[in-house]
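J.: One-letter residues, chain by chain:
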Amino acid sequence: MKRSYVGVLLLCTILLLNIVFTQLMVHQFYYEHYATTLVYGGLNILLFPIALLIYRKEKHKGGTHGHEQ
Amino acid sequence: MSDRNNRVPFDEDNYTHNINRNNERMLDRRGFMKTLAGAAGVFAISSLPWGAVAAKELLGLGEKEYPHQKIVNVKDIAIGDSVDFNFPSEHDSAILIRLSDKRYVAYQNACTHLRCPVYWVKEEKEMVCPCHHGKFDAGTGAPTAGPPRRPLPGIQVEVSNGGVYAVKVKRYEA
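As you go down the protein sequences, you meet chains W and X in turn.
Sequential numbering of the first sequence, starting at 1, is according to the working numbering.
Sequential numbering of the second sequence, starting at 1, is according to the working numbering.
Please keep in mind that the hints were generated in silico from the structure rather than gathered at the bench.
Each residue gets a CB set at the ideal place from its N, CA and C atoms; glycine is no exception.
Hints should not be assumed to be uniformly reliable.
For each label pair, taking beta carbons as the anchor points, the in silico distance ranges come out as [what the hints assert, rightly or not]:
#1 W/Leu9 with X/Leu99: 18 to 26 Å
#2 W/Leu53 with X/Glu65: 22 to 30 Å
#3 X/Asp137 with W/Leu53: 44 to 52 Å
#4 W/His33 with X/Lys125: 26 to 34 Å
#5 X/Asp28 with W/Tyr31: 37 to 45 Å
#6 W/Val26 with X/Thr140: 18 to 26 Å
#7 X/Gln156 with W/Lys57: 53 to 61 Å
Below, a list of computed lysine to any residue pairs in the SDA-like style, where the Cα atoms sit at most 25 Å apart [said to hold, decoys possible]:
#8 W/Lys57 with W/Leu24
#9 X/Lys56 with W/Leu24
#10 X/Lys34 with W/Ala35
#11 X/Lys56 with W/Val6
#12 W/Lys57 with X/Lys56
Counterexamples of contact, computed for chain X against chain W with all Cβ distances above 12 Å [stated by the list, open to error]:
#13 Leu58
#14 Lys70
#15 Lys75
#16 Asp81
#17 Glu126
#18 Lys135
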């Protein structure tokens, strides 16, 4: 029974980045730095396809059901 | 009686009936990853409105001139006094302060900390938020003490025909 938690860790990192970027985005918005707001918003949106990609790549890897491959 | 344990209890074609599969895969590795990817999607979608409003401001679409609104007659406000008014809509309370003979300043008076109304304290020449003793500089609207970190949004005023008029909401340049 081999385990592969690389995907889980990567996705957790993405979630962390999402939280950080959202926080920065909202703060920059209220400081009226609109260009910076757009940058952080863009990064936030960019993280979604990356997360999907990682999920698709890692979905069948390892885990407790590795023998089902 | 003798072949009691030799029979499959009910008709089926697999040998996993003794495994209780209920909730077995409720949150396995793959399900967890799916949740995380979904969360990324929620974050992406929820940052769209912020981006849209920020883009609108950048393109100058938010620079809206409101119909000029008379706040007070010049003769009714002494130097060092303040008047409360509502601008641009009746739900946005604001404050006008006459700093000197010719100098009038006006700000949205919702404290940038938690939106308590900010008052002008004439004796100390300071704008004070009563909730957590945030203080603002009357000349610029910048916070000088207490919890607020952002300046009060300014309102551009104009003096004509013996009256003070609110013209538009100024954008703060940081």
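J.: Taking the hints in turn, state whether each one holds.
T.: Hints, verified against the model:
At about 58 Å, the beta-carbon gap between leucine 9 of chain W and leucine 99 of chain X misses the expected band of 18 to 26 Å. The supplied range of 22 to 30 Å is broken by leucine 53 of chain W and glutamate 65 of chain X, whose beta-carbon atoms lie about 47 Å from each other. For aspartate 137 of chain X and leucine 53 of chain W, the hinted distance range of 44 to 52 Å is satisfied, since their beta carbons lie about 50 Å from each other. Taking the beta carbon of each, histidine 33 of chain W and lysine 125 of chain X are about 30 Å apart, inside 26 to 34 Å as hinted.
Distance hint check: the CB atoms of aspartate 28 of chain X and tyrosine 31 of chain W are about 42 Å apart, consistent with the given range 37 to 45 Å. Between valine 26 of chain W and threonine 140 of chain X, the C-beta spacing of about 24 Å keeps the proposed range 18 to 26 Å intact. Evaluation of the 53 to 61 Å hint for glutamine 156 of chain X and lysine 57 of chain W yields a pass: the beta carbon distance comes to about 55 Å. Of the supplied pair hints, the one linking lysine 57 of chain W and leucine 24 of chain W is violated, its CA atoms being roughly 29 Å apart against a limit of 25 Å.
Proximity of lysine 56 of chain X to leucine 24 of chain W is assessed by CA-CA distance (about 19 Å); at most 25 Å being required, the pair is judged to hold. At most 25 Å may separate the alpha-carbon atoms for a hinted pair to count; lysine 34 of chain X and alanine 35 of chain W exceed this at roughly 32 Å. Between lysine 56 of chain X and valine 6 of chain W, the direct Cα distance comes to roughly 40 Å. Violation of the 25 Å bound is thereby established for this hinted pair. Between lysine 57 of chain W and lysine 56 of chain X the alpha-carbon distance is near 37 Å, which puts this suggested pair outside the 25 Å criterion.
Some Cβ of chain W comes within 12 Å of the Cβ of leucine 58 of chain X; the nearest lies about 5 Å off, and the non-interface call is violated. The claim that lysine 70 of chain X is not at the interface with chain W holds, since no C-beta of that chain comes within 12 Å of its own (minimum 28 Å). Distance check on lysine 75 of chain X: its Cβ is at least 36 Å (rounded) from any Cβ of chain W, clearing the 12 Å threshold; non-interface status holds. Even its closest Cβ contact with chain W, about 30 Å, leaves aspartate 81 of chain X beyond 12 Å, as expected for a residue assigned away from the interface.
Distance to chain W confirms glutamate 126 of chain X as a non-interface residue, since its nearest Cβ pair spans about 23 Å, more than 12 Å. Distance check for lysine 135 of chain X against chain W: the nearest CB is about 19 Å away, which clears 12 Å, and the non-interface claim stands.
Of the numbered hints listed earlier, those contradicted by the structure are 1, 2, 8, 10, 11, 12 and 13.
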